[in-house]
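K.L.:
Residues per chain, in single letters:
There are 2 protein chains.
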Amino acid sequence: MFGIGVDLGATSVRMAVVNDQGEIMSKTRRWTESQRGVHNVINTLVEGIKEITEETSLSIHEMAGIGIGAAGQVHPVTGEVIFAPNLGWEHVPLKELLFSALQKSNPTRLSFPILVDNDVRVVTWGEYKYGAGKGKNTLICIFVGSGVGSGIIVEGKLLRGRDNVAGEVGHTIVKPDGFLCNCGNKGCLELYCGGLHLKNRTIREINSGRKSIVPEMVEYKLERITPEILHQAQERGDPLACELWNEAKHYLSIAVANLTTIFNPEMIILGGGVITSCRSLLPTVVATVKSNIHLLARNSVEIVESHLGDDAGVLGAAAMIFDEFK
Amino acid sequence: MFGIGVDLGATSVRMAVVNDQGEIMSKTRRWTESQRGVHNVINTLVEGIKEITEETSLSIHEMAGIGIGAAGQVHPVTGEVIFAPNLGWEHVPLKELLFSALQKSNPTRLSFPILVDNDVRVVTWGEYKYGAGKGKNTLICIFVGSGVGSGIIVEGKLLRGRDNVAGEVGHTIVKPDGFLCNCGNKGCLELYCGGLHLKNRTIREINSGRKSIVPEMVEYKLERITPEILHQAQERGDPLACELWNEAKHYLSIAVANLTTIFNPEMIILGGGVITSCRSLLPTVVATVKSNIHLLARNSVEIVESHLGDDAGVLGAAAMIFDEFK
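One line per chain: the protein sequences are A and B, in this order.
Residue numbering for the first sequence follows our numbering, beginning at 229 and increasing consecutively.
Residue numbering for the second sequence follows our numbering, beginning at 229 and increasing consecutively.
Pulled out of the complex, with its shape left as it was, chain A reads as follows (with noise of 0.2 angstroms):
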């Protein structure tokens, strides 16, 4: 079996054909340039679609269905993407569009499934079906990315809960009486982990006066900061990268404890850019909640790396179609 997995991000879309044992026959990647427009970007997924089918000889009729996860908050039953403020979106039925552009470039009927999820979830699924967490049946992926996503599998099943937003890890609160977050929590675990957050603080505390060989690294133009750049500041030495280091450790740690002392899971995957700019990060989370060897769930619980990177989105978005047909 066959099917099209897509990974639409704010910067790239990613889109696969992949078979039903998760292995990619075909991808591509493109810019996603969401600021043209929603059309734009249906086109952009036509023509990757039609891409990536030609490549691998097989017509889109072959194709089991077309699986797509989306940054942003998702209707999983009507496709729609209700609000996706890294894309510009709000209340977009991205999975009519997709089917009817489809229609019009396909002389005879398409009779597929369109799916569409979340990102993290369609990425979560990816690691539990064919990565680091394949064989699991309750596992936790926790992505630090610019912000901090995750998706929670409980015995085979995507954790979803009453409205669709379950597993906001990111939004919940490490410190209490911490820093004000946008969604209105005091001390949210994003704040203190998240890629943009440790930007925007490095550049907060720069502009207070405060010392640092970030600014030279990046020869004075902090926009140019990247959790790459205050990882090597802080093996460097450097005092305002080594507290925020730490800190992101001691939260991510303490977020991640606690989740294995709720859930009491086989599995922690942790993911993302900053799980892969500082390699001590992951480590440092494991001895930490491998401390505790009074609470046996956070004695026998895995904590690992996700494994499938870049193509976790695809894969996973694939997997969803395959899963529908079972």
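I should point out that these hints are in silico values taken from the structure, not numbers from a laboratory.
No distinction is drawn between identical chains; accordingly, a pair holds when it is met within one copy or between any pair of copies.
Simulated pairs of lysine-lysine, DSS-like, Cα-Cα distance not exceeding 30 angstroms:
1. Lys278 - Lys255
2. Lys364 - Lys385
3. Lys255 - Lys357
Note that the structure is a prediction, hence the values are computed from the model and not measured.
For chain A, the structure is supplied; the task is to place chain B on it using the hints.
P.N.:
Chain B only, in chain A's frame:
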């Protein structure tokens, strides 16, 4: 259909004959006196079960089974109580012992099942089937008594986790670098709102010279301090009691807010002696969680007090039997 529900606590054991509509046909309560040995407790159960079945004029053979909620860590398949510090039990094969004792006191062969589970999970199941959570799919019960226990139901199933220890909400960290807990963590929820810890902290503060009206209220017998006493002291404006309750409210609110953000549940049910002693605790938690209208999960969750009170355990225990037979 009829079943027997048993709520085996450290102080008392409650037993009831329940029908499958969740109505109690007869019930009794006896002292547990676990210090007199396991066989004494088994005898108490056998006698109590005899009494309540006779009272309904039903034979024990007409029972669909016996469900037991026991205070401690339980193996739900073997029915063994693995570790129950409050009962002073370790590796007690409760299911086997009760079955063979009942068989001895009955001339004809017994053929019904006995199910044993953790007391907080059983109480949660009771609230879900017949109490505050009736008709809900995803809910969390938090019981604030001496310690803090919880049960989590996701899409109609109890969350158990890899080692059957999911839901240890009392040992989630709510105050980083807070008090050291017996479990090895620092800043566990239980340390800020569990009744035993409120009492111990009051005694510690008084012994270190802190002024308070509490000692006078308990005639200088500090071991008599209860959540009720502390609540009366708060109402009379005692600064120590006010400080402790404010902390309890603050950290319980954070825990409830975080569980809401993680699970996006339909309902959170709060129960237990500390909740009923301090009537301002629940409204404060509700107000704090609802103060964030930006997070949809916090906006939509219902936060209520448990409905079944002391009957939740026997009802939930009997319901386990009915659900097994569905």
